[in-house]
Structure formats: C-alpha cells, structure tokens
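Chemist: The primary structure of each chain is shown beneath.
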Amino acid sequence: MADRPEPDGIVLTEAQKRSRRRRSIAIALALGVLVVLFFAVTLVKGPAVLNRPL
Amino acid sequence: MSVVDHNTIELAPRISEAEVSDYIALLKPRVMSLVVFTALVGLVIAPGHFHPVLAFTSLLCIAVGAGASGALNMALEGDIDAKMSRTANRPIPRGRITKPEAMAFGMTLAFFSVITLGILVNWIAGSLLAFTIFFYVVIYTIWLKRRTAQNIVIGGAAGSLPPVVAWAAATGSLSVEPLLLFLIIFFWTPPHFWALALFRSDDYARAGVPMLPVVAGPDATRLQILLYTIVLVAVAAAPWPLGYFDAIYGMASLILGGGMLALAVNVYRRRERARSLRATRKLFAFSIFYLFALFATLGLEVAFRAIAPTIW
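First to last, the sequence lines map onto chains A and B. Just so we're aligned, residue 29 is where the first sequence starts under the numbering used here, counting upward by one. Just so we're aligned, residue 146 is where the second sequence starts under the numbering used here, counting upward by one.
Any given hint could turn out to be false.
Here are the computed lysine to aspartate or glutamate pairs in the DMTMM-like style, where the Cα-Cα straight-line distance is at most 25 angstroms [said to hold, decoys possible]:
no.: 1; chain 1: A; residue 1: Lys45; chain 2: B; residue 2: Glu164
no.: 2; chain 1: A; residue 1: Lys45; chain 2: B; residue 2: Asp167
no.: 3; chain 1: B; residue 1: Lys427; chain 2: B; residue 2: Glu417
no.: 4; chain 1: B; residue 1: Lys290; chain 2: B; residue 2: Asp347
no.: 5; chain 1: B; residue 1: Lys244; chain 2: B; residue 2: Asp364
no.: 6; chain 1: B; residue 1: Lys427; chain 2: B; residue 2: Asp391
no.: 7; chain 1: B; residue 1: Lys228; chain 2: B; residue 2: Asp391
no.: 8; chain 1: B; residue 1: Lys290; chain 2: B; residue 2: Asp391
no.: 9; chain 1: B; residue 1: Lys290; chain 2: B; residue 2: Glu417
no.: 10; chain 1: B; residue 1: Lys173; chain 2: B; residue 2: Asp348
no.: 11; chain 1: A; residue 1: Lys45; chain 2: B; residue 2: Glu446
no.: 12; chain 1: A; residue 1: Lys45; chain 2: B; residue 2: Glu162
Please keep in mind that the hints were generated in silico from the structure rather than gathered at the bench.
Same shape as in the complex, but just chain A (with noise of 0.2 angstroms):
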C-alpha cells in the first residue's frame, strides 16, 4: 500500500487549527443568534414588518 503524499501548500499548527476551530464557533453561534433575533422580532411585529416603509 503506497504512503498517504505530504500535504503540500500551507500546514496548519495545532495551535492554529484549535485557535480557528473556536473561532468559527463563535461566528456560527453570532449568525444564529442573528437568525434568533429576526425570527422573534417578525413574531412581535407580524406580517407587517415586510410592509413598512423605508
């Protein structure tokens, strides 16, 4: 069975992967709270919230 090739191009550190791993979290859970947020806030105004003026 042949070895798995070197990856080539950049290497990420543990430290790097761990660092963006976190951060990637973070912005997933910012985006659902945002998703949250519009959702409640189209409950408590209703239909009209598409109806408003600018």
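Based on the hints, put chain B in the right spot on chain A.
Modeler: Chain B only, in chain A's frame:
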C-alpha cells in the same frame, strides 16, 4: 522581461492564532458596559410601551455598535497603543490581531448593528447609531485625537449619544429628556478623561497624543477639570427644577455632584507629586461611580413610578 522573478519569491501567508477573547478585547468591554447602561436608562425613561424583544434588540445593536467603534479605534491607533503602558497589552500591539483584521471585524459589526437596528426597530435610531460610530471613528479617532487638546471634549459627543439612540429606538422621535442625558455625559467626559490623562501624562507624551496635561501642563488641566465639574454639577441638577426629572433624582444629583466637586477641588489644590496623584486617581474612580449612580437613580425612579404609580 520581469525584474522580479516570481518563481523564486514565496511569501508565507500569516495564519492567525487569535482567540475569541482577543476579538472580545477589541470591543472594549468596559466602555461597552457603560454605553449599555446609559442606553438602558434612555430606554427606561422613554414614554410609552416598548416591547421587551425590541428593547433587547435595541440594546444589543447599541452594544455591538459601540464594540465596532472600539475595534475600529484600536485598528487606527495601533501605533499609539504600542507606546502606552495602559494599552500595550491590547490585541494589536501584542501581534494577536493585525490592523486589517481589526478593521474588517469593526466594519462588519458596524454594518450589521446599524442595519439590524434600522430594519428591526426604526431608521431614526439606526441613523443615529451610524452617526455615533462615524463620529467616534472619523471625527474623534482620525481627525481630533492626534491634532488638538480638545479631542476628548468634542469627541465626547460620541460617548454621549447612546441614551439618545435608545430613546429614539423606543419612541421613534427625539425629545428634551434624552438631550439632557446627552449633556450630562458630554460634560462628565472632560473631568473623567483629563483625570486619567493627568496620571498617565507620561504615556500620552511618549505616544505624541496632545492631551491637555501634555500640551497645557498639569495646572491648566486641574483648572479645566474644576470648571467642567462645576458645569457638570449644574447641568446634572438642572432637569429637576426644570421639571423633567423628579426630586429623588434631583437630590441624588446634588449629593453626587457635591462629591464630584469636592474631589475636583482637591485635585485643583493638591500640587505635590504624591498627593496630587492620589487626588487625581480618586477623582477618576469616583467619576465612574458618579455616572453609574446618577443614571441608576434616574432609571430606578422612573421604573418604580411606572410599576407603582399610586405609592409613588
């Protein structure tokens, strides 16, 4: 023929190791807490019913907008922060986050906070929040900070706007009451920051920031602190006799103002190095308590009156 042989040059891209906590530090959480608190009082004293979900949305947007201003400020002042002991541990001087990363982070938060407040609450509040961020970043950070000793006086307008934004979010309009809150924070800012600048003047001088103690000297700064404190105490008490806020607020403003004035007089009188330093630190610490206590009294007074109008 190309002068540079691109085949032989390989620039290693920088891979970030910044933690979430580094990005949170960019938001200036302590400043943000004061912003959120003053905005909360702006919401509480606003007339009429404001749905709790919309109130929470407004506070969140104002908090994120304040954080965006902090991140953009740090992105633009990385060189100054690196020279000052108070700020040398911030994420940019430490090399945790680059200036372009901080700039992108701040712009993204600014965009989303303004758009969200505008769409979900109202566009008067959204526009005011956008103006607040613009004022802090462009007028204060880029234009005034490195040019004039009046930087924090004029720039203080940005920090004074959150209760006005909150009032606009709750009512969809503006009125005298939020402008009174604006004036209180506006006149509170110079004594607060000049007290800090007095015991950090070496820092500011090293960084080349023309704060008043660096440009005009400590004695002139002490006089200005005293004069602004006198105006602050008068401005903070004025809403009571004018009939905008009630007696409990009025009494609190006079008692707290008396404390603030006594400490400002102390700063003016103490000129010897050690005693002057102590007096200035006391004024700086008390000024934070002063604003929190003054706004808390106002918020509680209005909240109690709304909850128990008959007892009140």
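Chemist: Confirm or reject each hint.
Modeler: Status of the hints after comparison with the structure:
Pair hint Lys45 (chain A) plus Glu164 (chain B) holds up; C-alpha atoms about 11 angstroms apart against a cutoff of 25 angstroms. The suggested pairing of Lys45 (chain A) with Asp167 (chain B) holds, with an alpha-carbon distance near 16 angstroms, which does not exceed 25 angstroms. Proximity of Lys427 (chain B) to Glu417 (chain B) is assessed by CA-CA distance (about 15 angstroms); at most 25 angstroms being required, the pair is judged to hold. Under the criterion of a C-alpha separation no larger than 25 angstroms, the hint pairing Lys290 (chain B) with Asp347 (chain B) is consistent with the structure, at around 16 angstroms.
A threshold of 25 angstroms between alpha carbons decides the hint, and for Lys244 (chain B) with Asp364 (chain B) the separation of about 37 angstroms lies outside it, so the pair is violated. This hinted pair does not check out: Lys427 (chain B) and Asp391 (chain B) have alpha carbons roughly 29 angstroms apart, beyond 25 angstroms. Restraint check for Lys228 (chain B) and Asp391 (chain B): the C-alpha separation of about 47 angstroms exceeds 25 angstroms, so the hint is violated. With a C-alpha separation of about 38 angstroms, the suggested pair Lys290 (chain B) and Asp391 (chain B) falls outside the 25 angstroms cut-off, and the hint is violated.
For the hint linking Lys290 (chain B) to Glu417 (chain B), the alpha-carbon distance of about 29 angstroms lies beyond 25 angstroms, and the restraint is violated. Taking the CA atoms of Lys173 (chain B) and Asp348 (chain B), the gap is about 19 angstroms. The hint holds against a cut of 25 angstroms. Proposed proximity of Lys45 (chain A) and Glu446 (chain B) is contradicted: the alpha carbons are some 51 angstroms apart, above 25 angstroms. Restraint check for Lys45 (chain A) and Glu162 (chain B): satisfied, since their Cα atoms lie roughly 8 angstroms apart, inside the 25 angstroms limit.
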